[in-house]
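J.: Here are the chains, one letter per residue:
There are 8 protein chains.
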Amino acid sequence: MNRVSIIMGSVSDLETVGEAINILKEFKIPFEAKVLSAHRTPKELIKYIEQAPKKGTKVFIAAAGMSAALAGVVAAHTILPVIGIPMETKSLKGLDSLLSTVQMPAGIPVASMSIGKAGARNAGIFAAEILGISDKKIGGKLLAYKKVMRIKIKNTKIKL
Amino acid sequence: MNRVSIIMGSVSDLETVGEAINILKEFKIPFEAKVLSAHRTPKELIKYIEQAPKKGTKVFIAAAGMSAALAGVVAAHTILPVIGIPMETKSLKGLDSLLSTVQMPAGIPVASMSIGKAGARNAGIFAAEILGISDKKIGGKLLAYKKVMRIKIKNTKIKL
Amino acid sequence: MNRVSIIMGSVSDLETVGEAINILKEFKIPFEAKVLSAHRTPKELIKYIEQAPKKGTKVFIAAAGMSAALAGVVAAHTILPVIGIPMETKSLKGLDSLLSTVQMPAGIPVASMSIGKAGARNAGIFAAEILGISDKKIGGKLLAYKKVMRIKIKNTKIKL
Amino acid sequence: MNRVSIIMGSVSDLETVGEAINILKEFKIPFEAKVLSAHRTPKELIKYIEQAPKKGTKVFIAAAGMSAALAGVVAAHTILPVIGIPMETKSLKGLDSLLSTVQMPAGIPVASMSIGKAGARNAGIFAAEILGISDKKIGGKLLAYKKVMRIKIKNTKIKL
Amino acid sequence: MNRVSIIMGSVSDLETVGEAINILKEFKIPFEAKVLSAHRTPKELIKYIEQAPKKGTKVFIAAAGMSAALAGVVAAHTILPVIGIPMETKSLKGLDSLLSTVQMPAGIPVASMSIGKAGARNAGIFAAEILGISDKKIGGKLLAYKKVMRIKIKNTKIKL
Amino acid sequence: MNRVSIIMGSVSDLETVGEAINILKEFKIPFEAKVLSAHRTPKELIKYIEQAPKKGTKVFIAAAGMSAALAGVVAAHTILPVIGIPMETKSLKGLDSLLSTVQMPAGIPVASMSIGKAGARNAGIFAAEILGISDKKIGGKLLAYKKVMRIKIKNTKIKL
Amino acid sequence: MNRVSIIMGSVSDLETVGEAINILKEFKIPFEAKVLSAHRTPKELIKYIEQAPKKGTKVFIAAAGMSAALAGVVAAHTILPVIGIPMETKSLKGLDSLLSTVQMPAGIPVASMSIGKAGARNAGIFAAEILGISDKKIGGKLLAYKKVMRIKIKNTKIKL
Amino acid sequence: MNRVSIIMGSVSDLETVGEAINILKEFKIPFEAKVLSAHRTPKELIKYIEQAPKKGTKVFIAAAGMSAALAGVVAAHTILPVIGIPMETKSLKGLDSLLSTVQMPAGIPVASMSIGKAGARNAGIFAAEILGISDKKIGGKLLAYKKVMRIKIKNTKIKL
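Protein chains in written order, with our numbering: chain A, 1 to 160; chain B, 1 to 160; chain C, 1 to 160; chain D, 1 to 160; chain E, 1 to 160; chain F, 1 to 160; chain G, 1 to 160; chain H, 1 to 160.
Incorrect hints may appear among the rest.
Here are the simulated distance ranges between beta carbons [stated by the list, open to error]:
#1 G:Ile158 / H:Gln51: 33 to 41 Å
#2 H:Lys147 / F:Lys152: 43 to 51 Å
#3 H:Asn2 / E:Lys152: 47 to 55 Å
#4 G:Glu26 / B:Glu15: 30 to 38 Å
#5 B:Gln51 / D:Gly56: 32 to 40 Å
#6 G:Lys54 / H:Ile158: 36 to 44 Å
#7 C:Lys28 / A:Lys152: 56 to 64 Å
#8 G:Glu26 / C:Val11: 15 to 23 Å
Honestly, the hints are just simulated from the structure, not real lab data. We put the beta carbon where it would ideally sit given N, CA and C, even for glycine.
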């Protein structure tokens with residue numbers, strides 16, 4: 001059974017979204033990844049959002065750029081938590097994606113991560129944190145992941 | 001028969017959108033105005049967009065603020081021209097609405113006007129310009145409207 | 001037992017954070033609200049974060065303004081999901097709070113909501129969405145909340 | 001007979017504007033493309049705008065960068081719809097072009113597209129949408145274009 | 001004979017432009033002030049720019065807001081120096097006016113002052129500086145003006 | 001005799017400032033170019049500003065980046081017109097230089113050009129426009145320069 | 001003997017700078033406060049900076065708005081630490097002051113505080129921190145000040 | 001004995017921070033450089049901050065990017081002066097780091113330098129300026145450093 005549904009607005013987002021996918025794989029969290037656009041395949045998107053819970057989805061991750069309506073549209077059709085990844089863009093460097101993703105009006109929340117790859121990795125971790133509330137195995141992996149980060153930094157030697 | 005469909009994301013947008021409405025009234029262009037939200041009434045919105053052409057709609061005007069997905073979602077469901085009005089917002093003063101409205105990805109255009117009331121008035125005029133291409137009466141009213149603006153400025157006396 | 005821990009950087013944030021509190025009350029989700037600052041009470045903050053899970057906390061909400069380190073610092077000390085509310089600020093209108101809250105480096109996610117009161121209300125709803133994954137009662141309330149929003153908009157009549 | 005007049009402020013804009021041209025060619029919409037500057041050839045520009053309707057022009061597309069006065073100046077001299085393409089710029093990445101293009105004062109609308117190539121492609125599509133209101137052939141092509149986009153996304157397979 | 005021509009895009013700009021006017025009056029520099037818009041009275045504007053030198057104009061001051069094309073359009077039709085005053089605006093606080101005024105493409109310079117009243121006062125002084133190059137009386141007044149500013153500051157007593 | 005004094009904050013600005021120099025050479029306007037910094041050689045800078053008029057300087061051009069105090073400091077020590085060129089910068093792309101150059105407080109004007117090379121070229125032209133008021137030869141060259149720009153654009157053929 | 005020299009660009013900055021003054025008074029650190037402008041009284045400013053060390057000054061605090069050259073100019077004439085307070089401004093809300101203050105080129109540091117009153121208060125505290133390195137009494141007061149802030153927050157009761 | 005403690009959020013910051021290190025080496029100021037993160041090693045960071053004074057630290061330098069909480073967290077745990085270096089970032093070019101570093105709330109100052117390498121170099125110099133108050137040798141080196149900068153500029157010859 002699926003637990004996380006990742007939706008990206010364009011196949012070109014995959015390189016960035018790969019950071020989220022790697023985390024889910026590392027944490028052995030089953031997921032599904034789809035290219036679906038709020039603007040180009042609005043009906044397929046809605047259909048997908050509505051069926052996802054039946055396939056086990058507990059959390060959505062939505063990645064889109066520019067006028068990034070995707071995460072908000074997903075949130076409009078579900079009561080599951082939606083995590084948004086604002087894609088870096090060519091001209092405005094992701095400021096457009098960020099404001100479109102994060103500035104949701106009252107009533108329909110989207111949980112925005114940071115712009116680009118850092119945000120994508122964090123989307124994977126945040127999905128794990130949500131699932132980890134009731135799944136001790138994931139909780140354990142999160143603790144281990146934090147520990148590895150900590151040890152890596154502690155062992156860093158600077159050559160001056 | 002309706003010719004313009006105005007959609008606003010919240011009833012609080014009406015004061016701003018009133019500028020567009022006044023223009024359409026002044027130009028005697030039949031229109032319909034609805035409150036419908038891309039985030040709070042997504043299905044009613046899609047239904048409305050799909051039925052509007054049957055009631056005569058040739059042009060959509062969509063006004064929304066913050067993560068302003070409305071105009072883009074309208075554009076996703078129609079091949080009619082969609083004019084977007086980015087609403088002024090409390091914290092970011094409409095920069096969020098503007099970028100969400102104007103920065104549409106390739107394939108699904110939205111015609112963004114300026115932020116707030118000036119943009120709303122221009123949305124009404126731009127709808128008239130589109131309809132005026134094949135409707136000489138509207139064309140005549142646009143010419144008259146421009147002339148009045150011109151004369152008003154020409155007759156302005158500055159007291160120094 | 002507590003389920004959500006709300007931390008705000010200053011008592012002056014309470015008016016904004018009240019929007020989150022109202023949602024949690026409305027949804028009958030037990031919570032605790034504390035004033036604790038990443039900069040002024042760093043040790044009390046860490047102590048609070050570490051003890052919160054023992055009192056039942058499953059989700060943190062952190063509200064702070066300007067150089068808003070609070071949500072990130074909470075996230076540094078927990079593997080529970082942390083929701084950030086960027087406070088509107090006097091000079092930069094919350095752009096500083098937003099970037100400080102949302103632009104978390106890879107590894108330590110914070111789920112940023114929109115700036116100010118809309119973001120605070122959404123923080124409450126998003127916390128409910130997370131808890132609603134495994135709590136059907138909350139899920140039911142979320143569905144009802146969405147329905148009320150939808151009906152309110154559908155019943156809006158515009159006087160032209 | 002011409003139906004769309006494309007004006008660009010500099011020959012260096014052609015690479016970007018080419019996206020609009022490709023759409024018009026694909027849709028078999030007759031057009032004319034000219035280099036004319038609001039700042040460097042103001043009189044030739046005005047003359048061109050005024051004569052264009054006689055040659056069949058129904059819609060203007062204007063592309064310019066930096067202090068992008070072009071679209072606004074075109075709009076000042078016509079009652080036909082004017083679509084603006086804000087060019088990406090070297091230092092401010094098109095934010096200057098965008099604000100100059102979109103922030104038109106009340107009375108003289110310009111329909112701004114997004115910055116750069118995406119905006120140029122959308123300018124072509126938006127011109128087609130305007131003409132498609134009264135030209136069923138173009139309407140059919142727009143439907144087909146949307147369908148192709150939709151199918152392309154639906155057929156996208158992600159390799160994980 | 002006139003020496004400075006002040007053009008403002010709207011009569012509502014007069015309160016701000018008054019700062020420039022006061023300087024010119026104080027320095028006894030003859031000037032003319034007109035409301036003329038690049039967008040609403042483009043032909044009257046061009047006519048005015050072309051005739052101004054015959055009435056003695058040596059320097060233009062142009063004040064406009066939002067997509068502030070005015071100063072650039074003046075510069076397009078003259079080889080006299082053009083000083084631009086970006087007006088403060090309701091939503092973007094003058095950032096739109098500033099970028100539209102200052103970001104002129106190579107070949108057609110506009111001398112941008114700061115946003116709003118400070119910029120308007122400086123426009124008056126800068127016009128005086130230009131005229132002061134060959135007019136010793138104005139030069140003397142500029143020296144006196146600077147001296148008064150200096151003395152005012154030197155005599156400021158702070159009560160602690 | 002010198003007529004324009006060009007000051008740049010760092011020798012690395014020379015590539016950009018070269019655009020202004022080329023214009024002055026082309027217009028045969030005698031000038032002097034110096035590297036002097038408001039922050040690193042404040043006293044040499046003041047000395048240079050004060051002596052420049054004796055060597056014939058009628059106009060200053062000041063180019064600086066980041067916290068670009070140079071043009072403002074020049075303006076503080078002279079009643080001659082000061083033209084500022086905001087340099088493009090590595091991180092903020094010249095937005096810092098632009099705001100530091102253009103946002104002068106009331107009383108001490110700086111005439112800001114656009115960011116980078118376009119602004120540098122315009123600084124040269126604007127200096128010529130100031131000098132051209134009383135020097136018919138320069139006026140003639142400005143007319144010729146404008147004409148060449150116009151003809152170049154008029155002769156541009158677009159290959160579609 | 002003086003230990004801190006506070007310079008503000010305009011007497012209107014006093015209300016903001018008062019926050020720094022209150023801290024210095026509270027910590028019993030002798031200081032002097034002067035109105036001196038980098039643009040309007042450049043020579044008096046330099047003279048003051050050069051004489052201040054003789055009167056005991058160990059730290060400068062400089063407050064200015066818009067194109068805020070003041071702190072940088074102070075830093076150019078001293079090897080003592082210079083703390084900058086970017087003033088909130090009418091149009092750009094202090095973003096101009098902030099970038100002018102903080103974006104100093106390599107070689108001449110300015111220590112920028114936050115915009116407006118919070119920054120002014122912090123300027124006072126930071127000056128105390130510098131002096132506290134070698135003055136145990138000030139160090140003790142800083143510890144006490146931090147403690148009071150901590151206790152105030154700890155004692156805050158939230159009424160829900 | 002150590003006098004300056006440099007903390008960077010990630011080993012990838014070392015290239016930038018190297019500019020500060022070079023200054024401290026050049027000025028023969030003993031220092032220690034550590035990689036420690038406010039988000040990934042919060043406890044090790046606090047422990048380090050608290051022990052640093054015992055090893056001689058008088059000044060902290062903290063370099064971090066994105067939501068740059070590091071300098072603020074250091075400042076929360078010490079009464080020694082903390083200098084912040086906002087790192088340049090991939091998408092927002094350091095604007096996020098700058099606002100996170102500089103916009104500290106009242107009570108806990110951080111002295112922000114400019115973004116990136118210029119800021120890092122200035123952090124080293126500013127630390128020297130603080131130490132130079134009571135250490136004449138460092139004062140002498142600062143004077144010499146300023147002199148070298150001055151002479152370098154004075155000796156710059158521009159080839160035209």
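J.: Hint by hint, note whether the structure agrees.
T.: Now for the hints, and whether the structure bears them out:
1. G:Ile158 / H:Gln51: 33 to 41 Å: holds, 35 Å
2. H:Lys147 / F:Lys152: 43 to 51 Å: Holds: the Cβ-Cβ distance is about 50 Å, inside 43 to 51 Å.
3. H:Asn2 / E:Lys152: 47 to 55 Å: holds, 49 Å
4. G:Glu26 / B:Glu15: 30 to 38 Å: At 48 Å between Cβs, range violated.
5. B:Gln51 / D:Gly56: 32 to 40 Å: Given a distance of about 34 Å, which is inside 32 to 40 Å, the answer is holds.
6. G:Lys54 / H:Ile158: 36 to 44 Å: Check passed, 38 Å falls within 36 to 44 Å.
7. C:Lys28 / A:Lys152: 56 to 64 Å: violated, 43 Å
8. G:Glu26 / C:Val11: 15 to 23 Å: Roughly 22 Å apart at Cβ, these two residues keep to the hinted range, so it holds.
When the structure is compared with the earlier hints, violations turn up for hints 4, 7 and for no others.
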